[in-house]
Amino acid sequence: MSKLRKLSRELGAEIIYFIPSENNIVLVDDIKGLYLPEYDIIYIRDDLTIIEQENVILHELGHCYCGHTHYNCHSKMFGSKQEAQADRFMVVHRFNEWLSKWDFAPEPNEINISQFMAAYEL
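The numbers in the UniProt record's numbering rise by one with no breaks, and the one at position 106 of the sequence shown is 106.
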């Protein structure tokens with residue numbers, strides 16, 4: 001988690017954890033996290049597993065990195081593009097983390113995508 005805090009500092013975003021039930025917050029569509037670009041804050045639910053928290057933080061940092069604004073006036077297609085870009089940011093970071101655990105650079109045929117996805121609950 002310290003690598004994520006370092007990355008969030010580099011991108012200028014603060015991470016704030018919250019428990020929805022303790023704050024009388026009802027989340028629409030089971031939202032796990034939210035990036036507010038006007039405040040450079042990432043809100044993340046505290047009731048997620050560590051892996052879920054890390055995935056959500058990386059996804060929200062992806063929005064920050066890409067300069068996404070999330071204004072309601074954007075079309076669904078534009079929002080979907082932003083979500084895909086944030087997901088890509090998260091997956092690239094997770095994949096690099098997974099590869100760094102190898103003692104040597106694997107050959108392409110040695111990479112098992114299913115194992116990677118299972119390791120990070122993707």
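Keep in mind the hints are simulated off the structure, nothing from the lab.
Errors might be hidden in some of the hints.
Claimed, not checked - Pairs of lysine-lysine residues, derived as DSS-like cross-links and limited to a Cα-Cα distance of at most 25 Å, are as follows:
1. K32 to K3
2. K6 to K101
3. K32 to K81
4. K3 to K101
5. K81 to K101
To see whether the hints hold, each was checked on the structure:
| no. | hint | in the structure |
| --- | --- | --- |
| 1 | K32 to K3 | 20 Å, holds |
| 2 | K6 to K101 | 20 Å, holds |
| 3 | K32 to K81 | 19 Å, holds |
| 4 | K3 to K101 | 15 Å, holds |
| 5 | K81 to K101 | 31 Å, violated |
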